[in-house]
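Undergrad: Spelled out, the chains give:
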Amino acid sequence: MHLKVALPMVLLTLAAAALAGVFPYRYASHTLANGLTVILVPMPAEGLVAYYSIVRTGSRDEVEPGRSGFAHFFEHMMFRGTERVPAGEYDRLVTAMGANANAYTTDDYTCYHLSFAAKDLPRVVELEADRFQNLAYSQQDFQTEAGAVYGEYRKGRTNPFEVLEEALRDTAFEVHTYKHTTIGFEADIAAMPGMLDYSRSFFTRHYRPDNVVILITGELDPAATLALVRKHYEGWQPGYRPPQVPAEPQQRAPRRVQVPYQGRTLPLLAVTWKAPAFDPADVEVAAGLALGELLAGPTSSLYRELVLHRRTVQRLLGQFEAQRDPGLWGVIAQVAGDEHLEEVEAAIIDAIAEVQDHAPPEEQLQAIKRHLRYSFLMSLETPDRLAGELARTVALTGGVEAVDTFFATLERVTPAAVQRLAAARLRPERSTVAVLKGVE
Amino acid sequence: MRLLAAAAFALLLASCAGTRSAAPPARPVANAPVLLPVPSDPTVSFSLSFPAGSQMDPPGKEGLAYLTATLMAEGATARNSYAAILEQLYPMAAGYQVRVDVEQVTFTGRVHRDNLTAFTDLLLDAILRPAFAADDLERLRQRALAHLTRTLRYSSDEELGKAALYTAVFAGTPYGHLPVGTVAGLKAISVNDVQRFYRTHYTRNTVTLGLGGGFDDGLPRRLLAALAQLPAGAPPLPPPPAVSLRGRQVVIVAKPGPATAISFGFPIRVRRGQDDFYPLWVANSWFGEHRHSSSHLYQVIREARGLNYGDYSYIEHFPEAGWRTMPPVNVPRRQQLFEVWIRPVPNTAAHFALRAAVRELEKLVAEGLDENAFALTRDFLASYSLHYADTTATRLGYAVDDRFYGIAPPGHLVRFRQRLATMTREEVNAAVGRHLNPQHMVIAIVTERAGELAAALASEADSPITYDTPKPPQVLAEDALIARHPLRIPRERIRIVPVDELFER
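So the sequence lines, in the order shown, correspond to chains A and B.
The numbering of the first sequence is this note's numbering, which starts it at 1 and goes up by one.
The numbering of the second sequence is this note's numbering, which starts it at 1 and goes up by one.
Think of the hints as simulated: they come from the structure by calculation, not from any bench.
None of these values were measured; they are calculated from a predicted model.
Among the hints, erroneous ones may be present.
Claimed, not checked - Only some residues are given here: those of chain B computed to face chain A with a beta carbon under 10 angstroms:
1) ARG153
2) SER155
3) PRO240
Backbone N, C-alpha and C define an ideal beta-carbon position, used for all residues, glycine too.
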């Protein structure tokens with residue numbers, strides 16, 4: 001058992017947080033004999049608890065051809081019940097306790113979460129342990145749920161950002177599974193109703209204790225909660241076998257894709273580069289996050305010039321978070337009209353050249369660091385928000401320690417490190433540009 | 001890289017510097033502040049609301065309330081350019097936003113108390129000394145126009161369907177245009193219009209200050225003293241819109257797309273704080289709790305048939321439903337709709353899905369909830385409603401909305417939970433009978449098969465559904481009933497509108 005001591009958030013100022021480590025709560029982390037990791041974060045919460053089951057499998061793990069979207073589809077199936085607690089009964093029990101329950105899937109993990117009154121914790125542990133070990137569904141349930149997933153895909157087709165993302169990934173990656181979005185290729189979604197057997201093997205391979213982290217936050221007694229978890233989960237048999245996710249070969253030439261969108265939407269421009277994998281101790285990863293703020297944040301020169309001054313961009317977004325495997329970093333602009341696309345792209349390229357040629361001012365970097373720390377501290381208000389904020393770090397690293405490691409690494413980022421990173425990573429031959437335009 | 005975050009990109013931020021240290025004002029702010037101290041909270045939440053919503057737009061200047069408020073929240077002040085404001089807010093990871101609805105305009109913000117003084121200075125400057133600079137007006141006008149003509153018309157059929165419903169139901173009333181305005185109205189607005197609107201509607205007689213979190217007594221005193229510098233005045237509100245629908249009418253928005261989005265609804269004569277609202281809330285929760293699998297509509301259309309991603313109903317305005325799981329605050333309205341939201345279905349299933357939803361609503365009205373459904377929903381809401389306001393900022397939002405509705409402390413959510421303890425199934429079903437009448441409604445449909453669907457609706461043609469996969473016999477038996485369920489909509493009450501004509505004026 002690892003026990004970390006930190007000040008309660010209410011006493012923290014940013015200066016204190018910098019000294020004590022950013023993560024403001026005590027927490028306990030324990031690994032059961034079957035490999036299941038349990039992280040408990042007690043906090044004052046007006047009687048509420050959040051319960052997150054984080055499966056360290058996402059769409060990156062969909063390595064077999066024709067099986068894209070399966071991690072997400074399986075997230076849906078996890079609500080279809082067990083022999084002991086059929087789907088209707090699960091819904092009835094969760095409804096009766098007034099829990100806020102849902103799930104989501106990303107490239108790198110799948111997360112099932114409930115927020116509820118602390119008195120219901122024993123029942124929730126029992127229910128969640130049951131469905132993670134004993135899921136059972138009929139062919140009809142399976143096929144009906146495939147229809148709902150197709151409906152989710154259709155909904156996304158009227159969102160130009162989703163259409164852009166699909167084409168961007170397909171272009172940027174050759175073999176790595178980041179090539180497809182989390183919801184998957186449409187042809188694979190259409191074929192899902194015929195994959196019942198595969199779905200069962202997916203459950204058997206990925207839903208194993210040694211691939212899952214249980215994160216519980218809120219008003220809880222750590223020892224009693226751990227005993228509950230142990231009681232209900234320790235019979236779960238390990239056996240997770242990580243899939244062999246193909247490594248993406250080095251990109252050696254710029255790529256570009258034009259994406260048609262049905263309807264007169266505003267054009268979108270994504271200028272992206274291959275990024276490093278997440279490592280909280282890697283200065284390059286932390287510098288990347290700062291670089292994203294520097295290039296596309298609300299105080300960036302691009303934002304001032306394109307959004308406020310020229311008004312050629314309506315929204316500007318930097319995406320510089322690292323993923324489990326090397327993914328994409330990028331700047332995305334919602335452009336005010338097709339006629340501005342060329343100018344906006346040139347401005348983005350110029351802004352990158354500026355960082356490559358000149359290290360950013362120390363003062364600006366300090367403002368970015370303060371912004372990132374305060375953003376994190378202010379996001380931890382409730383058990384659900386705390387767990388939601390931690391879920392990605394837990395999924396990528398298996399624990400909470402990476403939070404403090406990352407912020408300590410961020411402190412070591414210098415203007416020169418940002419400049420070096422821009423020069424090394426944001427190179428034309430590693431870039432993929434996607435341009436979405438509306439068509440009649 | 002997650003581009004989806006971009007789709008939900010927050011609209012707003014803003015504001016500016018130092019407060020005046022003027023002599024004590026001769027007349028104070030009229031409304032008592034809403035204070036929610038939480039000493040253990042390391043942050044402070046702010047709320048400043050004004051009855052300056054889009055219902056106050058002058059005819060021909062639809063969008064004036066929106067542009068005035070967004071210029072305050074996202075524009076320069078007399079002391080700072082907007083870029084300079086952002087520079088100051090950024091290191092605090094703080095900001096303020098504005099929500100413009102038909103009745104209220106509410107500025108909200110939240111800051112770690114390390115940065116309280118600097119943030120308060122910026123917020124007050126935005127409220128008291130907006131510059132209304134011409135270039136800011138052009139920037140925000142262009143954004144609003146793009147929102148109507150590009151985003152709403154072409155980038156989210158679900159939001160488009162709901163917007164088409166609201167504008168059709170309330171046509172000809174002060175609620176009849178979207179809070180963002182209309183294309184013609186936005187184009188007609190000048191800086192002078194904005195300045196005049198600001199002077200008239202942002203007054204010390206109408207402002208309501210709200211504070212939550214870890215503040216001390218000095219903060220409300222300081223804010224009230226500063227807000228007392230606003231001019232006097234309290235423009236009269238228009239009466240709530242009187243809408244009386246007769247029968248069913250359909251608006252079909254014709255636009256290309258792979259699926260069909262459907263919303264329908266009608267005005268209800270009950271609102272938050274009134275006795276019948278609470279049992280009607282229970283009925284609505286059972287019928288269509290937002291983004292929850294307990295929703296009966298969800299069970300019928302998605303869970304049993306897999307036709308779409310979800311199906312919900314509402315008795316209060318619920319903007320941004322596509323990316324919000326809990327109800328919003330600061331959108332209070334004197335006139336509410338009962339509304340059903342059917343997420344996109346395959347074009348071939350549109351008629352069937354509409355029939356299924358209308359049929360279920362008719363069954364709710366005819367049969368009411370049974371005892372099991374009532375008890376389960378009552379117990380569900382007693383706990384689930386705790387999630388509606390789980391942060392200081394949200395609790396503050398509810399408290400400010402209580403002021404609008406005239407609900408005394410301990411407030412709406414507590415009152416609801418107290419009422420649940422004694423509520424009976426008979427009360428719930430009686431409220432349904434008094435307030436839900438599905439014979440009179442507007443149906444808004446977004447589809448590329450406009451003509452075909454209009455003809456099918458008018459002819460009451462059967463709309464059998466086929467599935468790619470087997471379904472249980474009871475589902476198939478019910479499908480046969482749904483497929484010929486009468487909707488009773490004559491062709492002359494079905495209007496097809498090209499998407500580019502929506503929101504023009």
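Undergrad: Indicate, hint by hint, whether the structure satisfies it.
TA: A quick look at each hint next to the structure:
1. ARG153: It holds, given that the least Cβ distance between ARG153 of chain B and chain A is near 7 angstroms, below 10 angstroms.
2. SER155: It holds, given that the least Cβ distance between SER155 of chain B and chain A is near 5 angstroms, below 10 angstroms.
3. PRO240: violated, 33 angstroms
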